[in-house]
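The two chains are supplied separately, each in an independent frame; assemble them into the complex guided by the hints.
Residues per chain are reported as follows:
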Amino acid sequence: AQSVTQLGSHVSVSEGALVLLRCNYSSSVPPYLFWYVQYPNQGLQLLLKYTTGATLVKGINGFEAEFKKSETSFHLTKPSAHMSDAAEYFCAVSEWAQKLVFGQGTRLTINP
Amino acid sequence: EAQVTQNPRYLITVTGKKLTVTCSQNMNHEYMSWYRQDPGLGLRQIYYSMNVEVTDKGDVPEGYKVSRKEKRNFPLILESPSPNQTSLYFCASSLLIAPPYEQYFGPGTRLTVT
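As you go down the protein sequences, you meet chains G and W in turn. Using my numbering, you'd call the opening residue of the first sequence number 1 and step up by one each time. Using my numbering, you'd call the opening residue of the second sequence number 1 and step up by one each time.
In isolation and in its complexed conformation, chain W is listed as follows (with noise of 0.2 angstroms):
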């Protein structure tokens, strides 16, 4: 089945305590993007990447890394937690041969920093 999987699904962590959201696709897709969704602002795109090796930054960049050394994988990097980055996060995939680049999501991962 063609899915994009993330784990954890929940995680409850302290500030500072580094920790990584796993990000999973099996479509062979060269684009993915993590987006954090937070009530009353929708989805924001955090980084995004069109190849491996290729990450750039979305819209609210700051506390995050990333990195894409395999094509199918992504993973979202916290390295000091903060309670303002307590929020549902995805992560969404698709393929660049031409527009309208469809993105698939998956089901999402909800972090509590406490």
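For reference, chain G alone in the conformation it holds in the complex (with noise of 0.2 angstroms):
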């Protein structure tokens, strides 16, 4: 059965350093991966997604993750936090069809 770790619940980072979000999965077939970014008292938004071909992937407002299939990983990253990244972000797999399956979530606070 496919699921989703993500290691760290909470991650802290000062304005303009490095965001790196933890992810593995763990997925029977190759699998399509997603990142989503919920900000308070929103919805979720897709920030990028992983299919086929490149494994870096460029998603909106500067972030991207990496594919690493020996790893198991879909690392997000950031070059530089914005206070407006804070947020809570989710990355989910999906082995077929549309089921999705999240991880359990990291909220990130941006510290100026």
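Hints in this document: simulated from the structure, not taken from any laboratory. A couple of the hints might just be wrong.
Using 30 angstroms as the maximum straight-line C-alpha spacing, the simulated DSS-like pairs for lysine-lysine come out as follows [stated by the list, open to error]:
#: 1; chain 1: G; residue 1: Lys99; chain 2: W; residue 2: Lys71
#: 2; chain 1: W; residue 1: Lys17; chain 2: G; residue 2: Lys49
#: 3; chain 1: G; residue 1: Lys49; chain 2: W; residue 2: Lys57
#: 4; chain 1: G; residue 1: Lys58; chain 2: W; residue 2: Lys57
And the structure:
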């Protein structure tokens, strides 16, 4: 069965610092992978997705993620954090059709 | 504007009082789904629907019902709510033309059952 583990329920970085949010997945077949962001009192918004092809995926707001099959990882990064990046981030995996399995989420705090 | 809408956004109710949370999408999506979000657990799927009159259980269906009589609407029904159903609920929809079936989420409904 597919599963997702996000390492760290809370991550705190300084404004301008590197953001790294970790995601490891378990899947028996090549998966589709997603990162969603949830701003306070809002729904989930797609940041980026991996389907096939290039393993480095670029998303909105300067975020990117790299699919590493050997490590079963799909970590999210942003070179320079901005105050507006404060939100909760969810990694999700899909093996078939529309079934999405989410990680437990990582709350990102940005310190001025 | 393409969107998924949910109503109400906030709801406080008492144990056993039936309630319905509505979900509507204007994107002509075949697939719709309900999730609940709880701290430390992420989002878990309650029910989903592949098309009109086609629904199936997700991972946590107990205590919930759904219906899909029209393509655009997918209401979530709690016939006898209990405090353990206090949660943040999201509706989502997607096309089924080809993977990876990006899902679009509504703004959420925060439910409190006392």
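Against the structure, the hints come out as follows:
1. G:Lys99 - W:Lys71: holds, 19 angstroms
2. W:Lys17 - G:Lys49: violated, 40 angstroms
3. G:Lys49 - W:Lys57: holds, 26 angstroms
4. G:Lys58 - W:Lys57: violated, 34 angstroms
Of the numbered hints stated above, those contradicted by the structure are hints 2, 4, listed in ascending order.
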